[in-house]
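Residue numbers (this note's numbering), protein chains in the order written: chain A, -1 to 480; chain B, -1 to 480.
A portion of the hints provided could be inaccurate.
To be verified - Within a straight-line C-alpha distance of at most 30 Å, the following computed DSBU-like cross-link-like pairs (lysine-lysine) qualify:
no., chain 1, residue 1, chain 2, residue 2
1, B, K427, B, K150
2, A, K227, A, K150
3, B, K106, B, K316
4, B, K64, A, K324
5, A, K64, B, K227
6, B, K375, B, K316
7, A, K358, A, K324
8, A, K29, A, K243
9, A, K243, B, K29
10, A, K316, B, K64
11, A, K106, B, K316
12, A, K106, B, K29
13, A, K64, B, K29
14, B, K150, B, K106
15, B, K324, A, K324
16, B, K324, A, K29
17, A, K64, A, K106
18, B, K324, B, K375
19, A, K358, A, K375
20, A, K150, B, K106
21, A, K64, B, K324
22, A, K29, B, K64
23, B, K227, B, K358
24, B, K303, A, K64
The hints are simulated quantities; they were obtained by calculation from the structure and are not laboratory data.
Protein chains: 2
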Amino acid sequence: MSESQTRKQFVEDLTDQSDDFSRWYNEVVRKAQLADYSPVRGSMVIRPYGYGLWENMQRLLDRRIKETGHQNAYFPLLIPESLLQLEADHVEGFAPECAWVTEGGREKLEERFAIRPTSEAIIGHMYSRWIESYRDLPVLINQWANVMRWEKVTRLFLRTSEFLWQEGHTAHATQAEAREEVLRMLEVYRDFVENELAIPVYAGQKSDAERFAGAQDTFTIEALMKDGKALQAGTSHDLGQHFAKVFDITYQDESGQRQHVWQTSWGVSTRLIGALVMTHGDDQGLRLPPQVAPIQAVVVPIWRKAEDRSAVTEFVAKLRETLAGKVRLHVDDRDQHSPGWKYNEYEMRGVPVRLEVGPKDVAQQAIMSVRRDTRGKESIPLASIAERLPALLSEVQASLLQQARDFRDAQTVLLDSKEAVIAHFNEGKRGFAAVAWDGSAAFEAEIKEKAGATLRCMPSDLSRFGSLVRPESRVALFARAY
Amino acid sequence: MSESQTRKQFVEDLTDQSDDFSRWYNEVVRKAQLADYSPVRGSMVIRPYGYGLWENMQRLLDRRIKETGHQNAYFPLLIPESLLQLEADHVEGFAPECAWVTEGGREKLEERFAIRPTSEAIIGHMYSRWIESYRDLPVLINQWANVMRWEKVTRLFLRTSEFLWQEGHTAHATQAEAREEVLRMLEVYRDFVENELAIPVYAGQKSDAERFAGAQDTFTIEALMKDGKALQAGTSHDLGQHFAKVFDITYQDESGQRQHVWQTSWGVSTRLIGALVMTHGDDQGLRLPPQVAPIQAVVVPIWRKAEDRSAVTEFVAKLRETLAGKVRLHVDDRDQHSPGWKYNEYEMRGVPVRLEVGPKDVAQQAIMSVRRDTRGKESIPLASIAERLPALLSEVQASLLQQARDFRDAQTVLLDSKEAVIAHFNEGKRGFAAVAWDGSAAFEAEIKEKAGATLRCMPSDLSRFGSLVRPESRVALFARAY
């Protein structure tokens, strides 16, 4: 196959989003080398480019987690079945999806161990041993770990048996403090997802039907994918004293009385990578927000005549030096691919800015920049690129958020009845449908059954939904969802 | 119990190293809150202080791994039994220690999955799919992950079923390139362990009896603990084409021929935290090298009279500001503990430098510093502390390495026969015994059987062992080991 054929195929092979969004998603994740299938059904391999994205996300979120006073720790992967069973709702929610270890070191085990689907149980057990006095509170711990929830179908990043995440687990002296923590971390997530991933979200509370197994209240941030389906991007749970009571987590208060602690837990996962792909991607491939892109700018040197090569190479070396430590730069000087092939490849991989350097650019002591988001071109003098490129990256970041916000807002409708919501989704419309909700489970169940849409959240910010606000009801956002 | 009783007990409770080193170790790990036992036999909890240490170690090693051209990725936790069985030595080495998942999502599985004891098999399988041409080589990937090797006895950090590690897995076009990589990463480990953890090591090759299951050659760095036992601190394996052949990992070379790749793997784990404790700790607790200490300096404010409090507090605020971003500082302003109690606590936790600030110090606009390693005191003017404290920390770092090196060197003896080695260890002596080795398995086995000492490595640097060098033999280091 000739190179031009390969190139043609590389691009043409990508299904259009409008033809088959789900197929487009699978193709782009694999072609951009974010992830791959593995021989373990339900499990994926996160390839270096996808993992580089995750490392940037981790770094930016971990900083926020630490700035809000939390420390990281590590708890065991395996959870004895007896511990998992202590909290009734919790075991009912998670036991059906557990992977069970029944043999170890050539022996049948007396008790089965679940590979953690989440760590409330094991952490609750440890907290009961560590917490004695009000002086030990609050306990503010986070864990970065792998977890497992058995799946038969694999959707890379979106639905896999094993995934990576962080899970915060805190214990407090009072209910009010715990609630404050739940909302603080929800806001940390909102800020992180909007400002680093450029994904706009609705933050709010889950209904009883949708809350976490074992929680008293669950709060969530909900994003909208380009196919109009919602995706839960992070959750923060008010656990009340449910786990404290079954795991006997108590402290002696200032007056010497034993009290149960109040707990929270909160998490986001590698699912966010799927959200990133489906929020920003287009028919040419990924579009990565500069804040988390493993490569923020790629340099493609161009020459036809051999005599141009050394001048271009020398200029690229100067460019690299100028940008060192300022931008995550990659220079693609492979000989076996043409510049055109490389343009397509880095568009597929979503690199925010491409820098073209050919003999004419060298002559002008300038670099031709091309934005991935708008394809806008701008020639930047070498003398000012160390200032201009970071600014350009900020513009790309802001523009991706604005585009996603415009789309999400256009896809959010206010409807005046349950019937209107059902009709909306059954007409093939997508997006978020806001409606005044009487708070009943029946209302929610009927929409789920008849229109396949679930109650995503009761948004905390009602500024857009003022016309729906009534004393006897709450505003609820419904959507079909991942 | 009064506070003075508590304090007394806190310190007195710590067993002396000379009385019972193993007990001292367990106590100091738990009292310093590095780790705790868990309800899962064989598994530990890494507490925030221990995990903070691990995070610093990760950061410093990850930087070196990336600077040598590697990228991180993530492979599945579960490995199908059939994949693990492909390489005969590998399965023989690891199958007896595997934990097996036999049920998932309420169903018996058709095939058992091992929780990864190491990832050569699953990664080999993926490489066979990813590598096509010589242009795809080398593949230089590292993974930070949890692994599991079933244990009945728990020794925190040293012997636990689950532990955290990094495992590098690379594929190369030639044998020479692979060998170069093996030695490059061994040197990265040596540099990291000596310069960040202040642990001196002997680097060298393992004997056939001690090499990794499935490797062609294994290289190691070996450290000496304060009880005179050796500890393997990191390994780098030349896998030859063993895995390439069974997993069919081939590439097309420049002449169009199919060739098997040459592979390496290399890893260090949370076991290094155990090594750190046992290399530097003393009868008062941990002594952490400043490069990796979660807290590099702790400020203890001191006042007796209420009227001194505000002056001290104000001075401490100035100190904190002066050192912001320069030193990992912790200010312990808890009211419920006396300064003396705090001194003991931070000695136990191994904080490299203590900064005492009392009314006299405020009057002199100076801080009294106390080194953890030598207990050396030095009054440092506030005006110069931003310069002096980092320098002092470097001195502590260098001094810990020098102390450990002096100890290790004094505990390394050159002996002239197998019999002398056996006698040495049976007389109750410890440390490293260097001897000229004929290369036979019998020689090695006899020492192991009669003296409980194993061949730790054939050191690459022979400068200390010149008198043992003979044409027909190699120098081997024997020791009792963890």
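Q. Holds or violated: are the alpha carbons of B/K324 and B/K375 at most 30 Å from each other?
A. holds (21 Å)
Q. Do the alpha carbons of A/K64 and B/K29 lie within 30 Å of each other, as the hint requires?
A. Roughly 24 Å between the alpha carbons, so the hint for A/K64 and B/K29 holds.
Q. Are A/K358 and A/K375 close enough, with their CA atoms no more than 30 Å apart?
A. It holds: about 15 Å lies between the C-alpha atoms, which stays within 30 Å.
Q) Is B/K324 close enough to A/K29, meaning Cα to Cα at most 30 Å? A) violated (43 Å)
**Q.** 30 Å limit on alpha-carbon distance, applied to hinted pair B/K106 and B/K316
**A.** Violated, at roughly 63 Å.
Q: Mind checking the alpha carbons of A/K150 and B/K106 for me, to see if they're no more than 30 Å apart?
A: Given that 30 Å is the threshold and the Cα spacing comes to 13 Å, the pair holds.
Q) Given the hinted pair A/K358 and A/K324, is their alpha-carbon gap at most 30 Å? A) holds (25 Å)
Q: Given the hint that B/K227 pairs with B/K358, test it: the Cα-Cα distance must not exceed 30 Å.
A: violated (46 Å)
Q. Does the alpha-carbon distance linking B/K324 and A/K324 stay inside the 30 Å limit?
A. Within the cut-off at roughly 21 Å; holds.
Q) Quick one, are A/K243 and B/K29 close enough, alpha carbons at most 30 Å? A) holds (27 Å)
Q | 30 Å Cα cutoff - pair B/K64, A/K324 | A | holds (18 Å)
Q. Taken at face value, is the distance from the CA of B/K29 to the CA of A/K106 at most 30 Å?
A. violated (35 Å)
Hint violations for this structure: numbers 3, 5, 8, 11, 12, 16, 17, 23, 24, all remaining hints satisfied.
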